[in-house]
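Q: Okay, here's what each chain looks like letter by letter:
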Amino acid sequence: MEAVNILPEVTWVGVLIKAVLILAIISALAGFGTFIERKVLAFMQRRLGPMHVGPYGLLQIAADGIKLFTKEDIIPQNANKLIFMIAPIITAATAFIALSAVPVFPDFTIPEFVPVLGGVFVPSIAADLNVGILFVLGMMAAGLYGPLLAGMSQANKWGIIGAARTAVQFLSYEVVTGLSILAPIMLVGSLSFVDFNNYQQEGVMSWMIWQQPVAFVLFLIAGFAETNRTPFDLLEHEAEVVSGYATEYSGMRWGMFFIGEYANMITISIIAAIVFLGGYDAASTFGWLFIMLKIAFFFFLMLWVRAAWPHVRPDQLMWLCWKVLMPLALVNILITALVILV
Amino acid sequence: MYEIVAFYLFSALIIGLFLVTVMSKNILYAMTSLAAGMVLISGLFFILGADFLGVVQLVVYVGAIMALYAFAMMFFDATRDIKEKNTNNTLVFLLGGLTAMVLVLMFAAPIYSENIQALYPMTEGVGNAQDVGMVLFTKYLIPFEVAALMLLVAMIAGIILAGKKMDDSLTEDLSADDEIMIAKDEK
Chain B
1 MEAVNILPEV TWVGVLIKAV LILAIISALA GFGTFIERKV LAFMQRRLGP MHVGPYGLLQ
61 IAADGIKLFT KEDIIPQNAN KLIFMIAPII TAATAFIALS AVPVFPDFTI PEFVPVLGGV
121 FVPSIAADLN VGILFVLGMM AAGLYGPLLA GMSQANKWGI IGAARTAVQF LSYEVVTGLS
181 ILAPIMLVGS LSFVDFNNYQ QEGVMSWMIW QQPVAFVLFL IAGFAETNRT PFDLLEHEAE
241 VVSGYATEYS GMRWGMFFIG EYANMITISI IAAIVFLGGY DAASTFGWLF IMLKIAFFFF
301 LMLWVRAAWP HVRPDQLMWL CWKVLMPLAL VNILITALVI LV
Chain A
1 MYEIVAFYLF SALIIGLFLV TVMSKNILYA MTSLAAGMVL ISGLFFILGA DFLGVVQLVV
61 YVGAIMALYA FAMMFFDATR DIKEKNTNNT LVFLLGGLTA MVLVLMFAAP IYSENIQALY
121 PMTEGVGNAQ DVGMVLFTKY LIPFEVAALM LLVAMIAGII LAGKKMDDSL TEDLSADDEI
181 MIAKDEK
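Sequence order for the protein chains is B and A.
If you're matching positions, the first sequence starts at 1 in the working numbering and goes up one per residue.
If you're matching positions, the second sequence starts at 1 in the working numbering and goes up one per residue.
Hints were generated in silico from the structure; no laboratory data involved.
Each hint should be verified, as a subset may be incorrect.
[To be verified] Covered stretches of chain B (in silico footprint by chain A; criterion: 3 or more residues with CB under 8 Å from a CB of chain A, positions within the stretch not fixed): (1) 76-85; (2) 129-135; (3) 141-150; (4) 156-168.
For glycine and all other residues, C-beta sits at the position ideal for the given N, C-alpha and C.
In isolation and in its complexed conformation, chain B is listed as follows (with noise of 0.2 Å):
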């Protein structure tokens, strides 16, 4: 039974509070991550933004959190009601466990000078498997069913298209998002994202993205249409479906399709960061503000992108998928293998 390589120094209690950290940074980053989009968006059309709640409207995020708390949760008379009500939590749920497997920071010990906890050595992963990379796909993957669960349960037509479009567009993108993250899988020789970072620590010209420009650009294209941002955010494209899925959730149930939706925006942008970027330096002194930038700067882009691009029609989508990024992440992983054995 004891195959697992565990290190000494994870304890059940690490763990748990790392769990807990976990829920309760991204949480707060995901509402932040609303009022930065506002924002940032606000800038690029040439508006203000949210300004009259706070100090440059700041505490948006706390007026929008006790709406959302205090909102009436209404659940349709025909809608299959237990359904209804667990979809959000599945994809609130997936888009956490997903990120228990990210590492972002290096393995670190408490400065001594910190009562309780001084000199206690932290291994920075929550859950350090040796197939990350591929459990936080697959738990990403897993997180379609709350939307399709969601859509199929409302008894209404838009969330029906909303599923269906779900379940299209979830399937054919993580076929692109597998086959581009393979070719630098490839070359590291390992599924471990600490592999991946220690990988790169020769400077800045030993980034996989020099390496594996294109998986770098398809990893990215997919990872927008995995985490239903803009040019891709077909799911609940108002001018077509309504809202999608989400068209008859209210209160604190839309609010965990929301959540989750930040949440895994923030590990797309980790594991680009991590896996194409250089990671954490986990040797200099700076290595954990530096992911925190690159991790910052993954985010920004999908503000960025959101201000800048249109939105592709359905049909456009599942061209782009399947006859120009497949078969790039094909191509791109023919010519990586024929470098290795060459």
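Please build the complex by placing chain A on the supplied structure of chain B, with the hints as guidance.
A: Using the frame of chain B, we list chain A on its own:
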């Protein structure tokens, strides 16, 4: 200790969920519980230390196969109960019970006689994925290639079946409109 607790918890939940899958008259319940059961099965793999298989279970069964079931279900009204057509309850019960018993005997006998042993034990210092790969590309190479070929055949067949009218756009082609109108008139 944790492993035993986790194992029994997962087992009980899996059996419960799959019971819902079989017993429920609502396809939405059946599908959801089947998917949830698949997720928990991957939990069993994780307990055994087979991380790779666990993740593959997650990606393949939960991410792909179940999602395709779900996609097929779009064509039904998922919020309504279905009317089941049960032919002969005793016969179903008898055959199902017999099959289950044969399966249990098949898997329990070698464990009971303690004759079971790992032919390909995990190699020390090598990851899970590498271990699976080694066995897959030495001992099971031919079945693996045959499976790949079968998938290729299925893919080509699928493309041929679906691809006949692929280049005609349903929205831009006006004759398609006519077809729809004719179909409406006939109703």
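Q: Hint by hint, say whether it matches the structure.
A: Consistency of the hints with the structure:
Restraint check on the region 76-85 of chain B versus chain A: 5 residues with Cβ-Cβ distances below 8 Å, three needed, restraint holds. With 5 residues bearing a CB less than 8 Å from a CB of chain A, the region 129-135 of chain B meets the requirement of three and the coverage assertion stands. Under a criterion of three residues with beta carbons nearer than 8 Å to beta carbons of chain A, the stated coverage of the region 141-150 of chain B is upheld, 6 such residues being counted. Requiring three or more residues with a Cβ within less than 8 Å of a Cβ of chain A, the coverage given for the region 156-168 of chain B holds, as 5 such residues are present.
Violated hints for the displayed structure: none, as all numbered hints are satisfied.
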